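In this note's numbering, the protein residues as written are 1 to 242.
No lab work stands behind these hints, which were simulated from the structure alone.
A portion of the hints provided could be inaccurate.
[Stated by the list, open to error] Taking lysine to aspartate or glutamate pairs in the EDC-like style, the calculated list, with each CA pair at most 16 Å apart, reads:
#, residue 1, residue 2
1, LYS62, ASP90
2, LYS200, ASP149
3, LYS231, GLU112
4, LYS200, ASP146
5, LYS200, ASP142
6, LYS206, GLU224
7, LYS200, GLU232
8, LYS81, GLU36
9, LYS200, GLU150
10, LYS206, ASP146
11, LYS62, ASP43
12, LYS206, GLU232
13, LYS206, ASP142
14, LYS81, ASP31
[Said to hold, decoys possible] Beta-carbon label-pair distances, calculated as ranges:
#, residue 1, residue 2, range
15, THR175, LEU115, 17 to 23 Å
16, PRO41, GLN91, 22 to 28 Å
17, GLU112, PHE172, 17 to 23 Å
Only a predicted model underlies this, so the values are computations on that prediction, with no experimental measurement involved.
From the three backbone atoms N, C-alpha and C, an ideal C-beta is built for every residue, glycine too.
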Amino acid sequence: MTDLLQTALDGTRIRNSHAMVVHGLGSGMVDGRYPEGSLLPNDDELARLFGVSRTVLREAMKTLAAKGMVVSRSRVGTRVKPRRAWNLFDQQVLAWHLEGEVSPDFLSQLFEMRLSFEPFAAGLAAERADDEAIGALYRHCDAMADAPDERAFALADLEFHRAVHGAAGNAFFHTVITLIEAAMLLALRLSSPAAEPASKANSALKHREIADRIAAGDRRGAEETMSAVIKEGWSRISRDRA
1 MTDLLQTALD GTRIRNSHAM VVHGLGSGMV DGRYPEGSLL PNDDELARLF
51 GVSRTVLREA MKTLAAKGMV VSRSRVGTRV KPRRAWNLFD QQVLAWHLEG
101 EVSPDFLSQL FEMRLSFEPF AAGLAAERAD DEAIGALYRH CDAMADAPDE
151 RAFALADLEF HRAVHGAAGN AFFHTVITLI EAAMLLALRL SSPAAEPASK
201 ANSALKHREI ADRIAAGDRR GAEETMSAVI KEGWSRISRD RA
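Work out the full structure, taking the sequences as your base and the hints as a guide.
Printed below as a string of structure tokens:
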């Protein structure tokens with residue numbers, strides 16, 4: 001399992017002083033402690049706050065600048081850039097969004113993104129999937145049905161969606177899902193019905209219906225069923241957070 005997937009399940013682990021500063025500032029920007037457009041404290045204050053040298057601090061700022069999160073100006077200081085400038089495909093930036101209380105906006109935008117390409121990928125899979133790919137889809141459906149807890153259910157769910165993208169035969173889809181898989185895993189965990197046996201069985205059945213449509217070569221049916229599954233996941237999260 002990748003570090004980012006581990007973060008989605010268990011949280012972030014800090015390994016050294018550079019990582020501590022980057023994490024402290026980056027996660028603070030994500031959760032609003034350092035708002036967009038605001039100036040960060042000066043170098044001396046930050047060095048004291050984190051207990052690090054100015055050299056470590058400067059390197060941390062370079063890292064954050066490379067992620068599109070800050071911009072430094074001489075005699076002005078370091079300013080937090082607007083969120084739209086941040087690289088959400090960066091693993092750390094994405095991980096910070098997965099920590100603590102995930103914002104409704106982040107989740108809704110993730111589901112909007114999924115709706116923009118996952119149904120289309122399912123449709124392509126209906127046209128291109130071979131027997132091996134179809135067999136994998138059914139195995140992941142079985143794993144969902146047999147999952148003992150929410151974590152196992154979410155991982156099996158993620159593997160199903162990975163397999164759909166793999167069956168679509170488009171390298172760009174594979175790249176996109178690899179980039180956002182940790183965010184997807186978090187969303188799948190939050191929307192997991194595994195705590196309710198009837199809901200878990202129904203969700204596994206809905207995913208099996210996607211597999212059935214793909215196996216039958218039914219492009220439109222695969223697209224519609226995938227769209228319905230994603231929308232149901234978002235509805236479940238919305239109900240739980242209401």
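- Query: So the hint says 17 to 23 Å: do the beta-carbon atoms of THR175 and LEU115 match that?
  - Reply: 18 Å, holds
- Query: Keeping to a limit of 16 Å between CA atoms, is the pair of LYS200 and ASP142 held or broken?
  - Reply: Holds, at roughly 12 Å.
- Query: For the pair supplied as a hint, LYS206 and ASP142, is the alpha-carbon distance within the 16 Å limit?
  - Reply: 12 Å, holds
- Message: Just to be careful, I want the Cα atoms of LYS62 and ASP43 compared with a cutoff of 16 Å; is the pair within it?
- Response: 13 Å, holds
- Hint consistency between LYS200 and ASP149 [alpha-carbon to alpha-carbon, up to 16 Å]: 10 Å, holds
- Message: Hint check: LYS206 vs GLU232, CA-CA at most 16 Å. Holds or violated?
- Response: With a Cα-Cα distance of about 10 Å, the restraint between LYS206 and GLU232 holds, given a limit of 16 Å.
- Item | Distance restraint between LYS206 and GLU224, which requires alpha-carbon spacing of 16 Å or less | Roughly 11 Å separates the two Cα atoms, so the pair holds.
- Query: Do the alpha carbons of LYS206 and ASP146 lie within 16 Å of each other, as the hint requires?
  - Reply: 15 Å, holds
- Task: Assess, step by step, whether the Cα of LYS200 is no farther than 16 Å from the Cα of GLU232, and give holds or violated.
- Result: Answer holds: LYS200 to GLU232 is near 13 Å, not above 16 Å.
- Going straight from one Cα to the other, do LYS200 and GLU150 come out at no more than 16 Å? 9 Å, holds
- Query: Regarding PRO41 and GLN91, is the given constraint of 22 to 28 Å on their beta-carbon distance met?
  - Reply: 26 Å, holds
- In this structure, is the beta-carbon distance linking GLU112 and PHE172 contained in 17 to 23 Å? 18 Å, holds
Of the numbered hints given earlier, the model fails none.
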